[in-house]
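**Student:** Please build the complete structure, drawing on both the sequences and the hints.
Chains as they are written, first to last, in our numbering: chain A, 1 to 196; chain B, 1 to 409.
It is possible that part of the hints are untrue.
Said to hold, decoys possible - DEER-style ranges, computed between Cβ atoms:
1) K177/A to A230/B: 41 to 47 Å
2) A141/A to K316/B: 54 to 60 Å
3) A49/A to A164/B: 19 to 25 Å
4) E264/B to Q170/A: 31 to 37 Å
5) Q339/B to E46/A: 47 to 53 Å
6) G98/B to E181/A: 52 to 58 Å
7) E127/A to K284/B: 47 to 53 Å
8) Q339/B to A139/A: 51 to 57 Å
9) N174/A to R5/B: 33 to 39 Å
10) Q198/B to E46/A: 34 to 40 Å
11) L140/A to Q339/B: 53 to 59 Å
12) E127/A to P132/B: 38 to 44 Å
13) G98/B to I192/A: 48 to 54 Å
14) E264/B to K177/A: 21 to 27 Å
These are calculated hints, taken from the structure and not from any lab test. Note that the coordinates shown come from a computational prediction; the quantities given were computed from them, not determined experimentally. Positions of the beta carbon are idealized from the N, C-alpha and C atoms, including for glycine.
Single-letter residue listing:
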Amino acid sequence: VDARLSILIIDGNRDRAGLIETSLREAGHTRVTVVEEVRGLLKRIEDLAPDVIVIDLGNADRDLLEHMFLISRTVRRPIAMFVDKSDEQAMYQAVEAGVSAYVVDGLKKDRVKSVLDLAVIRFKAFEKLRTERDDATQALAERKEIDRAKGIVMKMRNFGEDEAYRLLRQTAMNQKKTIAEIARAIIASSDIMLEP
Amino acid sequence: MKRLRIGFLPLLDASILIAAHERGFAEANDIALKLVREISWANVRDRISVGQFDAAHILAPLPIAQNLGLSPLNVPLIVPFALGLGGNAITMSLAVAGEMSRHADVARGDPRAAGSALHGVIKARRVSGAAPLTLAVVHDYSGHAYELRYWLAANGVMPNRDVALTIVPPTMMSDALASGAIDGYCVGEPWNSEAVSQGHGVIVTTKASIWRSSPEKVLGVRKTWAEQNAETLAKLLGALHQSAVWCSSPAHRDELASILARPEYLGIGEDIILRGLSGTVMTKPQDDFLLFTERAANFPWQSHALWFYSQIVRWKQAAHTEAHVRAAAATYRPDLYRQALGPLGVALPGASSKVEGALAGTTYMPASGGSIALGPDGFFDGISFDPAELSGYLALLAKNDALHNDRAE
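**Tutor:** Pasting the structure below:
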C-alpha cells in the first residue's frame, strides 16, 4: 500500500462512504478525504491534488465533476481507472457495482488499482446488505398484511385461523398471484365495505 | 428475439427509442428493448463503453470527443442513426430576462435580438461591478454547449471571458434557476418549459432559431458491438425509422405525450411535454422546433460530425489535425444507415455530407428510392459551414473570436 496516495471519495451515501474510508485507513492509507457533493468542489480538488477520485454512479453531478477536470489548471486530465483491454472485465464489475474512479496521473495506475478494488468490494457488500435489509423489511410487511387479511376472513366468514389461511392460499393459487397480493386486495376491499 | 439494453436520459428527443418499445416497432423488427433511464451523460457513456448498454440515446459530440481521446475511456463509439433535429432552447431567469427586455423585445425568440440584449445586460453588469452571469449546459461535449457558445460569440459575448459556464443535469435546471445558483441555461425540452410553467424562467431563443435543422441527440453504439451484431443493429435501425415516422405525425402527439409523461420515462405533465412536441415553447410557434424524421433528420450526416469537431477545435478542447478530422468524420456511419434502411425502401441521400446553411427553403434532393426534402437550414448569423473548407471555416471563426476578444468593452 502506498500511504502517500491522496484519495478523494465522493459519495452521497454517508454510511457507505464511512465503510470505504474505514477500510482504506485499515489498509494503511492516511490521505483519504470523503465529501458528499460535487458542487463547489473545484477549489477543494485543486488543494487536495488527489491521485485517485472515486465517485458513485448514483451521483447526478458526474458531468459537473468532469467539467471541473476540464477547466482546472492544476488537475491533469484524469482517465478512467481501467482503460486497458485487459481491464475490461474489472471496469464492467466496477460499473455494475455502481462505482467509477478516475486516475489523475496515468503513471500511477498500478499503485491505485488496489484502491478501486477495495471500493468495488465495499460497494457490492453495501448493496447486498441493503438488498437483504429491504427483503427482510418487505417480508415483515407482507406477514403483517397476511395476518390482517386472515383476521378479516375469519370475522366475515366465521372461519378458524387455519381455514382462513387455506382460503387465502387457494385463491392465490387459482389467480396465479402471491398470498400477499390477495391479502392486500382483501384489505383494500374491506376498507371500502366496512368504513361507516 | 434478441433483447437490447438501451440507456436514455429523460428528454423529448428520447421519444423515438421510447415509442419503438411502447408502440411495438421493436417487436415488429424481431428485437426487444429494455430501456434504462440514466441520471448522467457520463453514466450513459461509461455503461455503453463497458457493454452494459448495447446502444444509447447520447449527445452527438460525446462519441466524437471519445474517439478524439478526450474522454476518460478509450473505447471507440459510432453513430449510425440520429434521433432528431432541434429540440433545445435557452432559458433565462426572470431577473435576467427582465434586464434583457430593456434592450430588446426578447419574447419573439429572435437569436440576434436576444443575443444583443444579453450582451447589453452583461456590459451593464460589468460597469456596475456585478458578478458575471452563470450559464449552465448539460455537458461540455454537448450540442447545448456548442450552440450556446456559438450564439454568445456571434453576439459579441465571449463564453470563456464574459460568463461563467457550469454543468447541471437536465432535470435539475429549473430548480437551479429558481435557487439562483444559475442565471440561465441551454437544455432540451421539456426542461425549458418546466421552468416557464413554474414561473422561474423565460425562454429567450431556441436551438432551431440559432441553427435551423440542426443535429442534437444520436444513437451511439460501440464500434465492436456494431461489427459483431450487424444484423441486430439493422433491425434496431429499422425499428427506429418506423418509430420516428410514427412520432413525427401530429395525429400521434397526444398519445406520445401520454407515454412520455409516465414516471419511468420523463415523469412530467403531458401539457408541458406537448409544448415541445408541438413547437409552442414560446409565444410564436415554430413548426420545426423539433423534427423526428422530416428533412432526413435521422441520417448521420458527416458534415454534422465535422461541425461539432469544428467547435471542439474552436474552443481549444483538441488540436486541429488531419488524424482528428478523420476520426471525427468516421464516428458517423451513413454506410450503416444505408445498409439497414435501403432494403426497407427508405429514401437515402446520395451524399454523406452537405454544406450546412446552404438552403433558404425546402429543397428536393434526388435520392435512391425517391427524393428527400431538405432545408430550410442555416445559422442565424448567415455564416455557412462547408465541411470541404474546414480549415477556412476555423480560420474565419478564429478571426471573429479574436476581434471580440480584443475589443475593449
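**Student:** Hint by hint, which ones does this structure get wrong, listed from lowest number up?
**Tutor:** Violated hints: none; all satisfied.
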